[in-house]
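Numbering (the working numbering), first residue to last: 284 to 416.
No lab work stands behind these hints: they were computed from the structure. Ideal placement from N, C-alpha and C gives every residue a C-beta, glycine not left out. Don't take each hint at face value.
[Stated by the list, open to error] Under the rule of at most 25 Å between Cα atoms (straight-line distance), these lysine-lysine pairs were calculated in the DSS-like manner:
1) 359 - 408
2) 314 - 399
3) 321 - 359
4) 399 - 351
5) 314 - 383
6) 350 - 399
7) 408 - 351
8) 367 - 314
9) 383 - 408
10) 380 - 408
[As the list claims (entries may be wrong)] Distance windows between CB atoms, simulated:
11) 384 - 291: 13 to 21 Å
12) 339 - 407: 14 to 22 Å
13) 329 - 396: 31 to 39 Å
14) 329 - 301: 17 to 25 Å
15) 320 - 392: 31 to 39 Å
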Amino acid sequence: MSDIDTILETLELVAEDGIDVTAATYEDYFKVSPESIKLMEHMDHLMRGRMLNALIMMVMMPEGTPKKDVIHFEVKTHSANGVKSIMYLQLFQSFHKAVKSALGDNWTSDQEGAWKREITQLMEKIERNFATL
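I would like the entire structure built from these sequences, with the hints used as guidance.
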């Protein structure tokens with residue numbers, strides 16, 4: 284099973300349990316990235332949910348030009364609004380933490396590895412995009 288398949292499986296398990304990890308993700312994110320609070324103060328819970336959906340889309344997309352283009356668009360758009368690359372990492376990690384917490388004792392080392400590898404790969408791509416701005 285690929286890392287993306289494993290991550291998708293964790294998200295499906297959370298959804299099957301009817302757990303919305305949005306609030307937990309942002310609660311943790313604002314703790315580790317207080318600077319982001321001001322940037323996002325105009326966003327309601329629906330917009331934050333859409334933002335997590337965009338994050339999930341970036342994770343789930345197969346490698347190739349469309350994923351590269353989406354990441355480029357996201358970085359270009361958000362950097363113009365003051366978002367720093369570290370904020371992406373902090374959001375990814377907060378989302379990972381919320382999903383892991385939601386699954387509790389059902390979380391496996393394979394799932395942990397898949398999430399960490401995918402976050403690392405996404406951050407490499409994001410950092411490359413920031414370097415070209």
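Evaluation of the provided hints:
For the given pair, residue 359 sits about 13 Å from residue 408 by alpha-carbon distance, which is consistent with the 25 Å threshold. Between residue 314 and residue 399 the CA atoms are separated by roughly 20 Å; this keeps the pair inside 25 Å, and the hint holds. A C-alpha spacing of about 19 Å is found between residue 321 and residue 359, which places the hinted pair at or below 25 Å, so the restraint holds. A threshold of 25 Å between alpha carbons decides the hint, and for residue 399 with residue 351 the separation of about 19 Å falls inside it, so the pair holds.
With a C-alpha separation of about 18 Å, the suggested pairing of residue 314 with residue 383 holds against the 25 Å cut-off. For the proposed pair residue 350 and residue 399, the alpha carbon gap of about 18 Å is at most 25 Å, so the pair holds. A distance of roughly 8 Å separates the Cα atoms of residue 408 and residue 351; the hinted pair therefore holds under the 25 Å criterion. With a C-alpha separation of about 16 Å, the suggested pair residue 367 and residue 314 falls inside the 25 Å cut-off, and the hint holds.
Distance check on the hinted pair: residue 383 and residue 408 sit about 24 Å apart at the alpha-carbon level, within 25 Å; holds. Between residue 380 and residue 408 the alpha-carbon distance is near 21 Å, which keeps this suggested pair within the 25 Å criterion. Taking 13 to 21 Å as the suggested C-beta distance range, the pair residue 384 and residue 291 conforms, at roughly 18 Å. Taken as a hint, the range 14 to 22 Å holds for the pair residue 339 and residue 407, whose Cβ atoms sit roughly 19 Å apart.
Range check, residue 329 to residue 396: about 33 Å between beta-carbon atoms, so the 31 to 39 Å window is met. The hinted window of 17 to 25 Å between residue 329 and residue 301 holds, with their beta carbons roughly 19 Å apart. Range check, residue 320 to residue 392: about 33 Å between beta-carbon atoms, so the 31 to 39 Å window is met.
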